[in-house]
Structures are given as structure tokens and as C-alpha cells.
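Dock chain B against chain A, hints included.
Residue numbers (the working numbering), protein chains in the order written: chain A, 11 to 91; chain B, 24 to 231.
Heads up, some of the hints might be wrong.
[As the list claims (entries may be wrong)] Result set (DSS-like, lysine-lysine): computed pairs, CA atoms no more than 27 angstroms apart in a straight line:
#: 1; chain 1: B; residue 1: 92; chain 2: A; residue 2: 89
#: 2; chain 1: B; residue 1: 88; chain 2: A; residue 2: 89
#: 3; chain 1: B; residue 1: 46; chain 2: A; residue 2: 89
#: 4; chain 1: B; residue 1: 101; chain 2: B; residue 2: 122
#: 5; chain 1: A; residue 1: 83; chain 2: B; residue 2: 101
#: 6; chain 1: A; residue 1: 83; chain 2: B; residue 2: 166
#: 7; chain 1: B; residue 1: 46; chain 2: A; residue 2: 83
#: 8; chain 1: B; residue 1: 120; chain 2: A; residue 2: 83
#: 9; chain 1: B; residue 1: 46; chain 2: B; residue 2: 101
#: 10; chain 1: B; residue 1: 46; chain 2: B; residue 2: 88
#: 11; chain 1: B; residue 1: 88; chain 2: A; residue 2: 83
[As the list claims (entries may be wrong)] Just the calculated beta-carbon pair ranges, DEER-fashion:
#: 12; chain 1: B; residue 1: 145; chain 2: A; residue 2: 91; range: 50 to 60 angstroms
#: 13; chain 1: B; residue 1: 144; chain 2: A; residue 2: 26; range: 17 to 27 angstroms
#: 14; chain 1: A; residue 1: 37; chain 2: B; residue 2: 34; range: 28 to 38 angstroms
By construction, these hints were calculated from the structure, which means they are not laboratory data.
Glycine included, C-beta positions come from ideal geometry on N, C-alpha and C.
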Amino acid sequence: MNCTDFLSQLTDYFDGQISPELLAEVRTHLGECDHCKVVLNTTRQTIEVYRGNEIYEVSEELRERLHSAIMTKCMAARKRA
Amino acid sequence: MPAIQSPGTEEVHPDVALVARAKGGDTAAFEQLVRQYERQIFRVAQHITQNREDAEDITQDAFLKAYEKLEQFQGNSKFSTWLVRIAVNESLMRLRKRKTSKTVSMDEDVQTEEGSIPRDFAEWRPNPEQIYDQNELGDILRKTIQGLPPGFRTVFTLRDIENLSTEETAEALGLSVPAVKSRLLRARLQLRERLSRYFGHRKEGQPA
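With the rest of the complex left out, here is chain A (with noise of 0.2 angstroms):
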């Protein structure tokens, strides 16, 4: 397995839907080459950095704003139906 290769497994390994074959190839490829361990590691922290931190909060006030624009703009859909 080489560098290229790696990659095209990443998505597959992440999830956990890599058969064990390819995966123990990944096994070995990352033993052996520094630079995807650390493509590897710095990817999980992306999505960790991303999971963890909700970017876009959306607060109890425009939550409660947008739930009753909501419901007054189906209820008058409503009632014209």
C-alpha cells in the first residue's frame, strides 16, 4: 500500500466499513510512513475540532423567534389550503 492508496481507504476507515485485509495493509502502511500517520491523526482532529464546537449556536431566543415564524407561516398555509 502506498501513500496514494492510504488515502482512498481513509473515508472507509473512519467509519469502520474497511474489510480486515485492507485494513491490516492500513496497519502496516502507517508503521511504516510518518507522514500519513500524522494526515491520519490531524484528519480525526478536524472533525473532532468541528464535532466539538458548535460554530453556529443558536440561541433559546432565535430558537423560540424562528418556532413561532414557523408555525404562523403553516397555520395561515393552512388555512388558505
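Just chain B, lined up with the frame of chain A:
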């Protein structure tokens, strides 16, 4: 001999009953669905459009559309996936309107190779959370995801931020599973590459 599965053993998503009641005219059931998903729909719209006012409009329009088209929802997918699909379409349409000279679709920019080949090999130590405070980190994460092409941003948002499965993401975007996987890989690699500029730890004397 055919395998017979006794009815009722399959797990039914609680939304199924709510949708059935809403279809029958039960407004409270529909309102409960709105409560369950309004935050998620808003976040998806904001991630795709990168604009708060647009995201508010889209959230309202998406639920209105869902309400008006509820009869057409066949239950082949989850209600939430169907709703996300409506919101994604509304969001992409809004982006198209904003950038009249450019086309915006799920196919846009998929040819770009930028970031597909990793170039930065610095470990992130210490963790981003240890280097930056909450506000700074938020700014970096927002700025970085804004730089992704909309097609990649959308896949990353649904799959990695909103935690939809690959199959649900494909359904919500009208893409094949391999297409989702390929966009997701490139979105993740592009974000990783850009974030490495902020988070990558370099040994002394090594160029940034």
C-alpha cells in the same frame, strides 16, 4: 423455507407516528416535529449559506414546504432526511441567487484538486483547544469552513457536523454513496490542510 419475520419486531422511528398524525391534521404533532428539527435545519442552512438572515428565511421556508407537501412524503426515507433535503435545496437555491454569475450546485468545484494531496505534515500538539480560547477557535473554524466550495461544505456539514450516515447524506443530497465518500474525503483533507496553518506544531527552524 422463507424466513418469516414476525410483525412489530422492527424498530419504528418515533417520527413515523408523528408524521402520520400530522398528515391527519394534527397540528400539535407537526409542531413537535418542528421543535425536534428547527435547530438542525437552521444550522445546516447557516453552514451552507454562511449567512444568518438567509438561514432564518430558509428554515421557515423549509418547514412551510414540508408542511404543504407532507402528503407527498412516502416514508421511504426518514422524515429528518427528507426535511434536510428540502433545506439543502433551498440553501443552494439561495446561494445561486446571491451569486448570479456563478452556478452553485452539488457538482460545482468537484474538479479542484486543491487540498486533495496532503502537503502539511505537522502534528497538532497541543490540541487546538489548548492553544486558542473559545472565541478565537470559533473564528478560525468558521473562516476555514467558509473557504470550502459549497458542494464540499454541504457534505461535510451533513456527515461530520450533523452526524448523518453516509447513506442519509447521499439521500439528502441526491448523490450516490461513492460520490458522497469522495467529496467527504476531499472536504476533510482540505479543512485539515487549512487548519494545519493554525494548529500545526513545527519544530524550530522548520518553515511554516
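For each hint, the structure was consulted:
no., hint, verdict
1, B:92 / A:89, "holds (15 angstroms)"
2, B:88 / A:89, "holds (15 angstroms)"
3, B:46 / A:89, "holds (15 angstroms)"
4, B:101 / B:122, "violated (32 angstroms)"
5, A:83 / B:101, "holds (24 angstroms)"
6, A:83 / B:166, "violated (33 angstroms)"
7, B:46 / A:83, "holds (17 angstroms)"
8, B:120 / A:83, "holds (23 angstroms)"
9, B:46 / B:101, "holds (15 angstroms)"
10, B:46 / B:88, "holds (14 angstroms)"
11, B:88 / A:83, "holds (10 angstroms)"
12, B:145 / A:91: 50 to 60 angstroms, "holds (59 angstroms)"
13, B:144 / A:26: 17 to 27 angstroms, "holds (25 angstroms)"
14, A:37 / B:34: 28 to 38 angstroms, "holds (35 angstroms)"
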